[in-house]
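Trainee: In case you want the letters, here they are:
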Amino acid sequence: MPYDLNYYLANLVVYFLIYCALTLGLNVSFGMAGVLDFSFITFMATGAYFAGVTALGPATAASELHYILGLNLPFPVDLVIGATAAGVLGLLVGLLAIRRLRSDYLAIVLVAVWTIAWSLANNLTGLFDGTSGLIGVPQPLEPQLNVNPNDYVFVFIPIALVVIAVLFVVSYCIENSPFGRALRAVREDQDVAAAFGKQTTRLRLTAMVIGSVYAGVAGVLTIEFLTAMNPNAWAIVETVIVFSALIVGGRGNIFGAILGALVVRILIIEGTGLIPPIPGHEELVSAFRNIFIGIVVIAVLYFRPEGMLPERRRRYFEAVRRWPRRAAGEQQGG
Amino acid sequence: MTIALHSVGFGLVTASIIALAAVGLTLQFGVTNYINFAYGDFMTLGAYLTWTLDSAFNLPIWLSLALAAVLTSVAALVVSQVLLEPFARRHKQLLFILIVTFALSLILSNAILAIWGGDYHEYNVGLETPLSIGPLLLTPQDLGIILLAALSMLGVHLLLTRTNVGKAMRAISDDKNLASVTGIATEQIVALVWIISGLLAGLSGGVLALDVVSFDPNLGVRFLFVIFAAVILGGIGRPYGAMLGALVIGLAVEVSVVVIPAAYKLDVAFVILVVVLLLRPQGLLAVAGKA
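Read top to bottom, the protein sequences are chains A and B.
First residue of the first sequence: 1, per our numbering; consecutive thereafter.
First residue of the second sequence: 1001, per our numbering; consecutive thereafter.
Only chain B is shown next, with the shape it has when bound in the complex (with noise of 0.2 Å):
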């Protein structure tokens, strides 16, 4: 019972990771209607920043986050506007552009391999004696990061609902078309969206790698399909449904270490993905529609 309840606790900062990461990924969709399968590796960019401002700067580990994952969205931002935008404008067909993204996780890996090497890597933060809260078993890095993913998520629902450039952003991800011919500067709120999308791959990736403590160049890529899941479980394209997908994966994936090997406890999300997938590919939260 104790290690379901501590469970319950890693459930919740797995939760917050892929939260920050699925949220970025399906904001993006929503508003550009295709899939980034380079975003692991923009995590992947995000966590090697971090590393290096901490590191190699020896900045406070909660400022190098930050300031990484700032690195991250300008990375997405130019990477937005010189290569993928001026692409799907040119070719419409889907397959392209999901081929375009692919490779440019190819070239984004190998140039994350090429600056900081093959081998593994790892923040410069001591071990920390984890605190009971409640039932919980956490460390102070931990409340860190469902901290961080709260305050991120009641950022992006302060933006989607209480400001005019949220709100543009919703008219996108529901008619594209439409917006525009309603004078809604398209290409900018595109843009803005990417700035974001970047931000929070750059922070859960920062993240992604204090809780895993030891990281590759194949950080981002092998938690993808993690994403994956958390975002079509909520419905695609829908920011609140990744935040809620997140929560059941992340609580799925680390409950289920009391009854598996926690070297598959990721497999779970696979099994959501395709149960959800093959019953209900709308997602939980999605109408009839979009999806």
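This is chain A alone, in the form it adopts within the complex (with noise of 0.2 Å):
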């Protein structure tokens, strides 16, 4: 293959491998918990940034950016702080919304609250360089290996693959575990779940701040690979974008989350990147894109809301063959 097609086919592989780290985690909070998260997009750009400052070094008068921390701390540990970052502003969030809340007063906090901290970021130009936002942020491994800037992509692609197969993994874990069972009866009644004996509030805040971390996750890759971040990338129409991909590809299934992550942000936005720009009207392929993607959820969600790949009934025997021994305990321990 030509070496120009193996580069742009590299690139797509990592696009997507961090795109299904936002997918899996909309999945936890939204897919199987319900919390209609129309802040999500935050979190990924929290953990961007604070990977980002925490793999610059100090900010220097010279270079004339402005930003806070610069502690110069090598991959992995700017990742580990993104994370934190996001999972904490998650449950900060989560705290004040979800414990009162119905889910319609939520969604509408969760929307002021990207709409506060986008214009906290834009505004305080000391945080992360208000509109300009972070650039020149190190590549994980790059100082140590020295490879060509053309050939990095061959190196990040597996530190992308480590990630997302962790996340995969605990999603997996998650999702047949008695928490995600716990998760999806609170999905589905909350009243019914907390007669028996389900902490419902307690169950939507861990989601969301689970769903919170994935995105911090996305956000470091994202700001690691690219090297820049700002207020742009994380537009509210990103979260409205995350949110259809999960539903196109099957919201509550985890290899949902993964081929909405492909259809949309591979099929539809790579795709349609491929259309050349009409000169004097660039964004016009962008404008049209984005409002193919809101009719072809809006469709969805009419004409088949479970998507493209479904979520699994489970039954109450499949349990019980599966662990016959908890299943007759529960029978006899009430």
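In case anyone wonders, no lab produced these hints; they're calculated from the structure.
These numbers were taken from a predicted model, which means no experiment stands behind them.
Among the hints, a few may not be true.
Have a look at the derived ranges for each label pair, beta carbon to beta carbon [to be verified]:
{"hint": "1", "chain 1": "A", "residue 1": "ILE295", "chain 2": "B", "residue 2": "PRO1140", "range": "39 to 45 Å"}
{"hint": "2", "chain 1": "B", "residue 1": "LEU1154", "chain 2": "A", "residue 2": "ARG100", "range": "32 to 38 Å"}
{"hint": "3", "chain 1": "B", "residue 1": "THR1163", "chain 2": "A", "residue 2": "LEU124", "range": "45 to 51 Å"}
{"hint": "4", "chain 1": "A", "residue 1": "THR84", "chain 2": "B", "residue 2": "VAL1275", "range": "26 to 32 Å"}
{"hint": "5", "chain 1": "A", "residue 1": "ALA195", "chain 2": "B", "residue 2": "LEU1005", "range": "55 to 61 Å"}
{"hint": "6", "chain 1": "A", "residue 1": "ILE135", "chain 2": "B", "residue 2": "LEU1005", "range": "43 to 49 Å"}
{"hint": "7", "chain 1": "A", "residue 1": "GLU282", "chain 2": "B", "residue 2": "VAL1258", "range": "39 to 45 Å"}
{"hint": "8", "chain 1": "B", "residue 1": "LEU1158", "chain 2": "A", "residue 2": "ARG102", "range": "31 to 37 Å"}
Think of the CB as a built atom: it goes at the ideal place given N, C-alpha and C, for glycine as much as any other residue.
Relying on the hints, combine the two individually framed chains into one complex.
Mentor: Structure (structure tokens):
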């Protein structure tokens, strides 16, 4: 294969892997627990910015960049810090919003959280350099390996692959665990779940924090691969697009989440990226692409709300077959 | 002290813009029982239509505003009858319809981007000299905005209290099924409310653009949570509450400029929103039951 095509395809693999972190994360908070996380992309940005300022050296007057921290720490410390920051923000927002609010009020607060975070990131230039954002973030292992910048993508793919594999396994375990079952129960009917002794608020909060951590990891990988991030990368439409990907693929199903990332991020977004821009109207292609994504997600919700790969319906006897002793214990113990 | 008094004047202008938008949003919620997350984009549509009528067709600004509001309400009617109401009838889950309005926001904002481009726009109106009215300092445009909001609120009040259609709206808002079995044509009334909601969204977006002078396709989306704050402060689905909420939020946002930098003034609305949701989520004027 020609070198350019290889390079292009390798980049697509990275974009796809990063997007899997987003859809898998939203699959925990929205897909399994039913939390309408309309500020989802804020947690992606939080992870990215905190990883950026962890990996970057201190801001100097000469560079004319302004940001906090500047710890100059290597990968994967920045990954841990970015993911933790996103999780902590998710926890704070969740404590504020999930505790007492019904789902539409919750969605309002989450949209408001995005608006505030976005306006702060733009206006408080001392935080993450305002509208210009962070640039020149070091790439993982790049100083140690000293590879040609054009070959770096082939170093990054295994890194991203390992990270996404971990996220996937964690998602798989959650989906098939008592915790995942409790999340689905809360999603279907909070009152019934509460009547069965489930702590619905704590479950929804935990799901939201896990989703935020996933989004944070996606943000870390994004900024470490692209070496830059500014507020345009996390406009509110990006949240709608992640929701679209998960809904089209199949919410509540981890394979659906991955299929959605493939269809929306690679087929639709990268596919339309091949259309040459119209001179003088550079935004037209992306505008029509976003309109198309909006129409697709509404059509899917109308005609096939379970998505391309529907969530597997669980039956009680399946649990009995798999864990006979536990099921027997539950029957005896009540 | 003078600055504080002047900011009260600006607060009245901001409160007028919020009131127009908040009443439109809350009336629609009252009869449909779901929040329209694309409402901000209907406001933006109103602003751009006003701009086109004002700049391209050289119509006077207030006539442009009125025509743009009518066009926005047509758009709201079409979208509601073709998309939102059929969807809400087919799928009862609240989550679905909320995501649909969120996706509708993506569609509308990008349609606006495709038609008018991403650059900043300004109306073709000159700068006006502020007039001293008592202790306040307001331009004739500011007075126009306040007058427009006051007349609109009066109109909504008369509609709700003096007409059968308005009484039907209140009945549907209280209990849709009960209203339906008493012979109220709920679907037609809901369609009418969408027209009014679109009209108010168009007007508020148009005057918001007049107030902030230069605007881009994110005009309405950025302002949306301020409207939510006013709507929730007054109790969601309650038009008089929304008017009160708009007054409180408008004044709070503008008077806060005395102590905090102006770039963060809208964040005050967020603080109020969060405090209200935590302490009194049913709103200031709400009664038990419909929260």
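Trainee: Does each hint fit the structure? Answer for all of them.
Mentor: Okay, the hints, checked on the actual structure:
Distance hint for ILE295 (chain A) and PRO1140 (chain B): a CB-CB separation of about 43 Å, consistent with the stated range 39 to 45 Å. For LEU1154 (chain B) paired with ARG100 (chain A), a C-beta distance near 36 Å keeps the hint of 32 to 38 Å intact. For THR1163 (chain B) and LEU124 (chain A), the Cβ-Cβ distance of about 50 Å falls inside the hinted range of 45 to 51 Å, so the restraint holds. Roughly 28 Å separates the CB atoms of THR84 (chain A) and VAL1275 (chain B), a value that falls within the hinted 26 to 32 Å.
For ALA195 (chain A) and LEU1005 (chain B), the hinted distance range of 55 to 61 Å is satisfied, since their beta carbons lie about 56 Å from each other. Restraint check, ILE135 (chain A) to LEU1005 (chain B): a C-beta distance of roughly 45 Å satisfies the suggested window 43 to 49 Å. Between GLU282 (chain A) and VAL1258 (chain B) the C-beta distance comes to about 42 Å, which sits within the given range of 39 to 45 Å. Checked against the hint of 31 to 37 Å, the pair LEU1158 (chain B) and ARG102 (chain A) passes, with Cβ atoms roughly 33 Å apart.
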